[in-house]
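What follows is the residue order along each chain.
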Amino acid sequence: MERADEGRVLARAQRGDADAFAVLYRANVQAIYRYIYHRVNDVHLAEDLTGDVFTRALKGMTNYRDQGKPFVAWLYRIAHARVVDYYRMTGRRPAESDVEAEPIPVSTDMDEGMLRRQAAKALREAIAKLTDEQQQVIVLRFIEGQRIETVADVMGKNANAIKALQHRALRALAGRLERAGFDVESILSGLS
Amino acid sequence: MSEPHTTPEFDDILAQCLDDVLGGRKTVAECLGAYPALAADLKPALQIGLLTARLKSPEMSQSSVDTLETRLRAQMPAALSGFRSRPRSDVIQLPLGLSRMAAAIAVVFILALGSGAGLVAASADDLPGDALYGVKRLWETIVLAFAPLTGQPGELWLRIANTRLDEAEALSDQERLTETALADLYSAIYHLSQYGGGDATAIIAFFNRAYLAFMNRIKAPIGAEALYQDVLDAVAPARVQNGIVTPLTSEQPPSLSGTPLPVPTALPPTFTHTPTPTLTPSPTPTASDTATLTASPTPSATRTPRIPATATRTPTYTPSPTATLTLTPSPTLTWTPLPLPGFPPITGAATQVPPGFIPSRTPGILPTLDATERVRATQQSVYLTQTAGPPPATPTETP
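So the protein sequences, as listed, match chains E and C.
Adding 140 to a residue's 1-based position in the first sequence gives its number in this note's numbering.
Adding 242 to a residue's 1-based position in the second sequence gives its number in this note's numbering.
Simulated from the structure, these hints should not be mistaken for lab results.
Some clues are possibly wrong.
To be verified - What follows is a list of derived Cβ distance ranges for each label pair: (1) D206/E with A444/C: 14 to 22 Å; (2) A444/C with M141/E: 46 to 54 Å; (3) R418/C with D206/E: 35 to 43 Å; (4) E273/E with E417/C: 23 to 31 Å; (5) D159/E with A279/C: 50 to 58 Å; (6) D159/E with R267/C: 32 to 40 Å; (7) Q170/E with E417/C: 29 to 37 Å; (8) R143/E with R267/C: 19 to 27 Å; (9) D372/C with E318/E: 45 to 53 Å; (10) D159/E with G371/C: 30 to 38 Å; (11) A444/C with Y227/E: 28 to 36 Å.
Said to hold, decoys possible - Below 25 Å or equal to it, Euclidean Cα-Cα: the simulated PhoX-like pairs (lysine-lysine) are: (12) K298/C with K261/E; (13) K269/E with K285/C; (14) K269/E with K297/E; (15) K285/C with K298/C; (16) K298/C with K268/C; (17) K261/E with K285/C; (18) K285/C with K268/C; (19) K209/E with K297/E; (20) K298/C with K269/E.
Heads up, the beta-carbon is just placed ideally off N, CA and C, and yes, glycines get one too.
So here's chain E without its partners, still in its complex pose:
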C-alpha cells in the first residue's frame, strides 16, 4: 500500500471505520506474523501473538499519531514488545538449541536438498542465538526486507547504529555457520 493511501486509510480507521482498520490488518498481518514467527520459532505461538498485536493496535488506534511513517513500523514495535513480554512472563529463552554446542554433521555426499534444510535449520538457530537487537535487525532487514530507515524507526535508533548492528549480526551468523561446518558459498551456488 502506498504511503499516501495508507495515510488516508489510517485517518478513516481512526474515525471509527471498521473496514478501514480491516484493510490495515490485511495489509500487515503476514508481515507481523513472519516477524513474530522468526522471533519465537513456533507457528501456533506466532499466531496467538499476532492476534494479540492487532488487538492492541486496535485498542491503541485512537491514540496513534500518523507522523508519515509506515504504519507497520508501529505494529513491529508492538510485536517486539509482545515477544519480549512473552519471554519475560514465561521465563523461556528464545534459543532452543546451540548450533556450536551440537554441530550438525555435514558430509560431502549429503543430498543438496538435505544440506539446504540443515543449513536453514542451522541458520535459524544461529539467528535465535543473536542478541535481541541483532535478531530484530536481521529479521526486519533480511526476512522482512525493510529499509535501514524503517528498521531505525522501529528500534528507536539512528541509521548508523542499525548499520553497525547489521554488520555485527551478519558477522556473528557467518561465524556460527562456519563453525557448524557449512560452506555458505556452496549453498548459495546450489540455490542460484
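Please arrange chain C on chain E, whose structure you already have, making use of the hints.
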C-alpha cells in the same frame, strides 16, 4: 572473518552493497570488485545476508487470517468509538497562577531548601522499600505545599505521576510491585486529572506512556489484580482524547473504596483554562495536599474484587504436547526464491512447504492466562473469552 573492519565507513559500504545485492542491482562479485581492499570482510557478510534473505518464512493460513479478522471486527465498534464528542463539563479546568512575585519567592524558598540537601538528591532514584524513599516523598510534600504560591500544582502532579509510574515500572521489573505503590500511582493520576498539567502534550504523553507500560511491561501483583485494573482503567485511551482528560472522581481506587470507576462517556471539544472553585490557590498547604503524599491506602474489608478469586499465575502459552504439534513438520526447513526484484528465479528442487504445517487448532485463543493477562483481558474480553468464527477445528491438517 578474523579481525574485521569495524568502522562506520565499512558499515556504510556493507549496507550499500547489501541493498544492491538484495535489490538485484549488483552481484556479490561486483560489490567485492568495487571494494577489493575490503573484500575479505565484505564477502561472508554479503553471502550470509543473501542466504538469510532466502530463508523460507511461513505464512499465516487464510483461515486463521479470516478468523482473526472476524474477532477483531467484533471488537472494532467499541475500540474505534473513542472519538465521539464529550460534554464540556468533563473538561479539566486548569488553575491560574499567583503573581510573579509570589511565584519567585516560593521558587527561591524551595531552591534554598533543596540546595545542598544531599539526602534529597540521593533519594531521587529510590523505590518504595528503599532506605531513602521516605525522604523522596517528604521532599515532594514540601514542594507541593508551595505549589499554590507558584501556581503550578498541575505541573508538579504531572512530574509526580511520572515518578510514580517510573517506580511502578522498576518495581514490576524487579517483581516488587505492591498494592501500595499502585495505590500511590492511582492517587497521582487522580490529582493530575483534577489539576491538569497546563501542558496538554505532556499530559497526553503521560497517559500514553502509562497505558503502554501497563499493557506491555507492568504486571499485576498477585492479590492486587483489581487495583491493577483500576489503574489500567484510569489511564485507558478513552480517558484522554484530543488533549482532554476526563477527571477521576475519587483519589481512592474503586477496588479499595467499593465504588465503581466512572467510565468516560464523552469527550469535551477543547482544553479550557478556567479555574475551578476547588483549585483556588492557597498560601498554605491543605490537609489533603499533604495527606495524598504520605498516606498509603490499604485494602479495606469492603473491597470488591473484579477478578475472579481463582485467578492464578499460570504461564501464558503453556506448551501443550499434543500429537498435532509433534507431527507438524517445521516450515523452517525450506527455501523459496528470493522475493526481490532482479534476482534470478530458483530452479533447484526447493522443498515445498508441507500442507500440514498450518496450525490445526483455533488460532489466536490463548490457552491459559496469568494474573496480569487476566486483568488486561478485561479490556480485551471479546478476544480472550469468546471464540469468534468457526468452532475449534479438529487436527485434520496434520500430514
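Structure-based check of each hint:
1. D206/E with A444/C: 14 to 22 Å: Holds, since D206/E and A444/C (Cβ atoms, about 21 Å apart) stay within the stated range.
2. A444/C with M141/E: 46 to 54 Å: Violated: the Cβ-Cβ distance is about 33 Å, outside 46 to 54 Å.
3. R418/C with D206/E: 35 to 43 Å: holds, 38 Å
4. E273/E with E417/C: 23 to 31 Å: holds, 24 Å
5. D159/E with A279/C: 50 to 58 Å: holds, 56 Å
6. D159/E with R267/C: 32 to 40 Å: Given a distance of about 38 Å, which is inside 32 to 40 Å, the answer is holds.
7. Q170/E with E417/C: 29 to 37 Å: At 36 Å between Cβs, range holds.
8. R143/E with R267/C: 19 to 27 Å: holds, 23 Å
9. D372/C with E318/E: 45 to 53 Å: The hint (45 to 53 Å, Cβ to Cβ) holds, given that D372/C and E318/E are roughly 48 Å apart.
10. D159/E with G371/C: 30 to 38 Å: For D159/E and G371/C the Cβ distance comes to about 50 Å; the hint is violated.
11. A444/C with Y227/E: 28 to 36 Å: Holds, at about 32 Å.
12. K298/C with K261/E: holds, 11 Å
13. K269/E with K285/C: Cα-Cα ~22 Å, so holds.
14. K269/E with K297/E: holds, 22 Å
15. K285/C with K298/C: holds, 22 Å
16. K298/C with K268/C: holds, 22 Å
17. K261/E with K285/C: Measuring from Cα to Cα gives roughly 22 Å; hence the hint holds.
18. K285/C with K268/C: holds, 13 Å
19. K209/E with K297/E: OK: K209/E and K297/E at ~15 Å, within 25 Å.
20. K298/C with K269/E: holds, 18 Å
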